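K.L.:
In the order they appear, the protein sequences are chains A and B. Taking the working numbering, the leading residue of the first sequence gets 1, the next gets one more, and so forth. Taking the working numbering, the leading residue of the second sequence gets 1, the next gets one more, and so forth.
Bear in mind the hints are in silico, worked out from the structure with no lab data behind them.
Below are the DSS-like pairs computed for lysine-lysine, each with C-alpha atoms no more than 25 Å apart in a straight line:
1) B/Lys161 / A/Lys217
2) B/Lys217 / A/Lys161
3) B/Lys443 / B/Lys431
4) A/Lys161 / B/Lys161
A quick note: this is a predicted structure, and the numbers were derived from the prediction, not measured.
Each chain, letter by letter, is given below.
Protein chains: 2
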Amino acid sequence: MKSTEAVSDLSTILPVLQAIVGPERLSIAQADRAQHARDQSAHAEHLPDIIIWPKTTAEVSAILSCANEARLPVTAWGAGTSIEGNPIPVFGGLVLDFQQMNQILAVHETDFQVTVQPGMLYKDMNKALAQFGLFFAPDPGANASIGGMVANNAAGIRTVKYGATRDNVLALEVVLASGEALRTGARSVKQSAGYDLTHLFVGSEGTLGIVTEATLKLAPLPEHFSAVIAAFPTVEIAAEVVFAIIGSGLGPAALELLDPQAIAILNTEADFDLAVAPTLFMEFNGPSEASLAEELALVESICRENECQRFQSGVGREARNQLWRARHRFFETSLRCYPGQDYRLTDVAVPISRFPTLVAAANEIMTRLGCQGNIIGHAGDGNLHTAIFFPPNDAQARAHADQVNDYLVEQALALGGTCTGEHGVGLGKQKYMLAEHGPVALKLMRQLKATLDPNGILNPGKVIALNV
Amino acid sequence: MKSTEAVSDLSTILPVLQAIVGPERLSIAQADRAQHARDQSAHAEHLPDIIIWPKTTAEVSAILSCANEARLPVTAWGAGTSIEGNPIPVFGGLVLDFQQMNQILAVHETDFQVTVQPGMLYKDMNKALAQFGLFFAPDPGANASIGGMVANNAAGIRTVKYGATRDNVLALEVVLASGEALRTGARSVKQSAGYDLTHLFVGSEGTLGIVTEATLKLAPLPEHFSAVIAAFPTVEIAAEVVFAIIGSGLGPAALELLDPQAIAILNTEADFDLAVAPTLFMEFNGPSEASLAEELALVESICRENECQRFQSGVGREARNQLWRARHRFFETSLRCYPGQDYRLTDVAVPISRFPTLVAAANEIMTRLGCQGNIIGHAGDGNLHTAIFFPPNDAQARAHADQVNDYLVEQALALGGTCTGEHGVGLGKQKYMLAEHGPVALKLMRQLKATLDPNGILNPGKVIALNV
Numbered sequence: 001m002k003s004t005e006a007v008s009d010l011s012t013i014l015p016v017l018q019a020i021v022g023p024e025r026l027s028i029a030q031a032d033r034a035q036h037a038r039d040q041s042a043h044a045e046h047l048p049d050i051i052i053w054p055k056t057t058a059e060v061s062a063i064l065s066c067a068n069e070a071r072l073p074v075t076a077w078g079a080g081t082s083i084e085g086n087p088i089p090v091f092g093g094l095v096l097d098f099q100q101m102n103q104i105l106a107v108h109e110t111d112f113q114v115t116v117q118p119g120m121l122y123k124d125m126n127k128a129l130a131q132f133g134l135f136f137a138p139d140p141g142a143n144a145s146i147g148g149m150v151a152n153n154a155a156g157i158r159t160v161k162y163g164a165t166r167d168n169v170l171a172l173e174v175v176l177a178s179g180e181a182l183r184t185g186a187r188s189v190k191q192s193a194g195y196d197l198t199h200l201f202v203g204s205e206g207t208l209g210i211v212t213e214a215t216l217k218l219a220p221l222p223e224h225f226s227a228v229i230a231a232f233p234t235v236e237i238a239a240e241v242v243f244a245i246i247g248s249g250l251g252p253a254a255l256e257l258l259d260p261q262a263i264a265i266l267n268t269e270a271d272f273d274l275a276v277a278p279t280l281f282m283e284f285n286g287p288s289e290a291s292l293a294e295e296l297a298l299v300e301s302i303c304r305e306n307e308c309q310r311f312q313s314g315v316g317r318e319a320r321n322q323l324w325r326a327r328h329r330f331f332e333t334s335l336r337c338y339p340g341q342d343y344r345l346t347d348v349a350v351p352i353s354r355f356p357t358l359v360a361a362a363n364e365i366m367t368r369l370g371c372q373g374n375i376i377g378h379a380g381d382g383n384l385h386t387a388i389f390f391p392p393n394d395a396q397a398r399a400h401a402d403q404v405n406d407y408l409v410e411q412a413l414a415l416g417g418t419c420t421g422e423h424g425v426g427l428g429k430q431k432y433m434l435a436e437h438g439p440v441a442l443k444l445m446r447q448l449k450a451t452l453d454p455n456g457i458l459n460p461g462k463v464i465a466l467n468v
Numbered sequence: 001m002k003s004t005e006a007v008s009d010l011s012t013i014l015p016v017l018q019a020i021v022g023p024e025r026l027s028i029a030q031a032d033r034a035q036h037a038r039d040q041s042a043h044a045e046h047l048p049d050i051i052i053w054p055k056t057t058a059e060v061s062a063i064l065s066c067a068n069e070a071r072l073p074v075t076a077w078g079a080g081t082s083i084e085g086n087p088i089p090v091f092g093g094l095v096l097d098f099q100q101m102n103q104i105l106a107v108h109e110t111d112f113q114v115t116v117q118p119g120m121l122y123k124d125m126n127k128a129l130a131q132f133g134l135f136f137a138p139d140p141g142a143n144a145s146i147g148g149m150v151a152n153n154a155a156g157i158r159t160v161k162y163g164a165t166r167d168n169v170l171a172l173e174v175v176l177a178s179g180e181a182l183r184t185g186a187r188s189v190k191q192s193a194g195y196d197l198t199h200l201f202v203g204s205e206g207t208l209g210i211v212t213e214a215t216l217k218l219a220p221l222p223e224h225f226s227a228v229i230a231a232f233p234t235v236e237i238a239a240e241v242v243f244a245i246i247g248s249g250l251g252p253a254a255l256e257l258l259d260p261q262a263i264a265i266l267n268t269e270a271d272f273d274l275a276v277a278p279t280l281f282m283e284f285n286g287p288s289e290a291s292l293a294e295e296l297a298l299v300e301s302i303c304r305e306n307e308c309q310r311f312q313s314g315v316g317r318e319a320r321n322q323l324w325r326a327r328h329r330f331f332e333t334s335l336r337c338y339p340g341q342d343y344r345l346t347d348v349a350v351p352i353s354r355f356p357t358l359v360a361a362a363n364e365i366m367t368r369l370g371c372q373g374n375i376i377g378h379a380g381d382g383n384l385h386t387a388i389f390f391p392p393n394d395a396q397a398r399a400h401a402d403q404v405n406d407y408l409v410e411q412a413l414a415l416g417g418t419c420t421g422e423h424g425v426g427l428g429k430q431k432y433m434l435a436e437h438g439p440v441a442l443k444l445m446r447q448l449k450a451t452l453d454p455n456g457i458l459n460p461g462k463v464i465a466l467n468v
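Given the sequences, and given the hints that come with them, work out the whole structure.
P.N.:
Spelled out as structure tokens, the structure:
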């Protein structure tokens with residue numbers, strides 16, 4: 001951890017920052033700094049020196065302008081729910097916490113759009129949008145901030161149908177390292193007017209600019225839906241069924257894979273009574289009950305042809321909500337099952353035809369190395385997660401967990417996929433960037449960073465900072 | 001037009017280029033140069049000095065490396081079907097015609113993906129993909145090249161359901177101005193590994209790099225569909241119906257607006273027998289005939305509630321194909337109706353709730369100024385086109401046509417939209433870039449251009465070149 005001495009070096013800049021936001025929304029208190037030292041990943045914490053809670057774009061502009069002049073690192077902070085170390089202020093400096101810049105600025109109800117500030121929390125926003133019959137579909141599980149979701153291109157169980165955050169951002173307001181603010185995109189769904197700045201910032205993890213406003217595409221809340229739970233003899237067969245369902249042209253609204261270890265945790269910790277077997281959780285939405293029944297019949301026949309051992313369809317609204325709540329809380333639930341243990345999370349994605357191969361590889365290596373943990377995944381879009389737990393002092397188990405991560409990334413790249421489907425690069429995935437993108441693309445990414453942030457003040461140490 | 005003298009200045013570079021591709025695939029012949037001097041827009045032609053037909057990425061790399069050293073302008077050429085002057089080589093130099101680099105490299109049938117070379121033509125590709133039951137959905141009407149569609153972020157009548165080209169590109173191979181080749185993206189649908197280089201190149205109109213390979217998302221060919229033709233008393237009412245249909249949550253696969261002038265042209269030139277009235281052409285796809293019937297009933301009730309004068313649904317496959325063929329050929333058909341006349345095309349897009357306002361504005365100004373032409377549009381996504389025809393020597397009519405274009409762009413921007421929904425910036429929309437994006441975003445676009453193409457050799461004079 002950075003020592004508190006560093007703060008004293010900041011004596012020149014502190015009064016300037018205080019003049020911008022006033023004394024109430026700036027802190028150098030140890031408790032506030034400690035709250036912004038780590039995300040939900042296992043990456044080491046690092047104390048920032050100053051926390052500011054901005055309220056307006058003008059304040060963010062003034063702060064960045066001043067930080068840029070002083071070469072002070074600035075890291076944006078949403079809800080702290082990321083899991084790849086994305087907002088850990090590894091070079092200290094200033095954390096901009098957007099908690100107080102969290103308003104819905106406009107609901108464009110008839111355009112299915114919303115304009116929000118970055119500190120708005122995902123679940124709170126969707127609660128507010130429900131009265132309009134609308135929701136923002138990319139669902140990261142955690143109650144992430146919209147700014148964080150945009151920065152990390154977050155995704156989740158609904159992405160199989162509605163796309164990731166990237167696919168649902170129409171326009172942004174961004175403050176550059178220089179303090180200059182700009183608007184990207186438009187509210188029209190079609191846009192061909194010059195370079196796509198919106199998508200340059202989405203997924204850039206606050207290293208190219210800081211998002212101060214986002215206009216998002218919404219979807220109508222489905223009126224007819226049904227959840228399905230189907231259990232299979234092996235994870236490999238379950239993965240083949242995922243592939244068959246997607247390949248059949250069925251459009252699931254969610255299609256999740258959980259291995260027996262994950263199911264066992266749900267049974268003991270979340271009060272489910274599921275067969276302890278590789279299981280698919282699915283949801284289908286339809287324009288009517290009739291079309292939904294047709295879809296479900298096709299799903300059932302695909303499952304039955306693939307040795308499905310238990311098929312429960314027509315799960316009602318309450319059971320469906322319970323299912324997704326449990327799936328969303330799964331990570332926290334599993335943490336409770338391995339108290340005091342350290343962990344490694346994997347997040348790789350492949351083309352759907354390669355998903356069974358990837359799942360088999362994950363199962364094989366975890367079994368072979370005797371890893372404790374589970375395999376789950378947003379299977380419908382080829383996105384696999386593993387969670388491996390180990391005692392902090394067990395060097396061999398830790399090495400095995402790292403080996404699994406390295407191996408699955410290598411497999412995913414060989415299968416035409418990516419080292420990160422939705423968690424972003426943060427700190428942990430930087431070492432794979434050269435292998436995934438090659439030297440020319442990586443060089444270009446670094447040139448873009450140098451162009452947009454010549455003094456390297458924005459979330460330094462992330463995405464493409466590691467010298468590989 | 002540039003004189004042929006310029007070619008003699010190229011005496012040093014010509015042998016070098018010839019050594020790369022051989023004498024057969026390089027030309028300085030007047031006839032070849034003339035074929036690459038203009039696209040389908042009304043923008044003035046300009047002769048390039050040299051044409052090369054590359055066959056491999058390695059050739060493109062070698063050519064660009066050499067052109068970059070010599071500061072020779074390089075403009076990529078697909079099918080020449082663009083309509084904003086996008087590939088007109090306004091500074092002469094070298095045109096790279098991708099006609100011979102037009103192979104399907106891989107059909108990833110089970111992933112609904114295809115990897116193609118940039119010279120592949122859109123319609124030829126979809127013909128080849130039909131045997132797999134798949135198609136590439138962004139349909140620009142013209143038989144554009146895939147490279148051109150990626151460069152211009154092309155879209156069309158299917159975009160309302162399937163998105164624009166941008167939404168359907170997963171990965172690219174690109175050659176930079178330096179000659180270095182890189183790969184962007186991955187074949188997994190989820191990707192969060194660093195800066196989104198793919199979308200930086202999509203829509204950059206060959207000014208940041210030249211695409212030599214693209215991996216595209218495909219959609220399954222719909223099995224059940226029905227076309228609908230509905231006529232209304234005014235274009236404003238027709239536009240309100242568009243808004244009502246989209247707002248109801250119905251998911252049309254196409255939703256086109258044509259004004260009475262456009263319908264009259266179809267009746268006389270394309271052998272239709274339609275009511276000469278503002279008309280919506282629609283298509284709906286469904287998982288079954290039953291669900292389709294439900295959708296159509298809802299569409300009919302919305303139309304009837306809005307003074308629909310003639311409602312034809314359940315139009316069969318042959319009539320549907322005839323309808324879309326006629327819509328696709330509409331631009332060429334209207335050109336035939338105004339022989340020898342000059343023309344201006346408008347391409348603006350707005351949020352769907354603002355579409356009726358935009359249509360009313362277009363109708364009002366064209367009527368007021370007595371413009372000859374028509375209003376059509378990919379109404380379902382708020383994208384409006386007008387075509388205005390005038391005798392080349394009628395200065396007032398030309399000024400009126402320009403006035404309509406300026407006015408509709410101004411209206412679209414005020415309504416939260418864009419100066420170009422799908423034709424790109426090319427030459428003609430550069431003058432609106434400052435108004436649409438503001439000075440900071442425009443400066444950033446120029447910085448990106450300078451970073452990626454420091455010598456300004458790639459399609460110079462386009463997108464952000466105009467000093468506004």
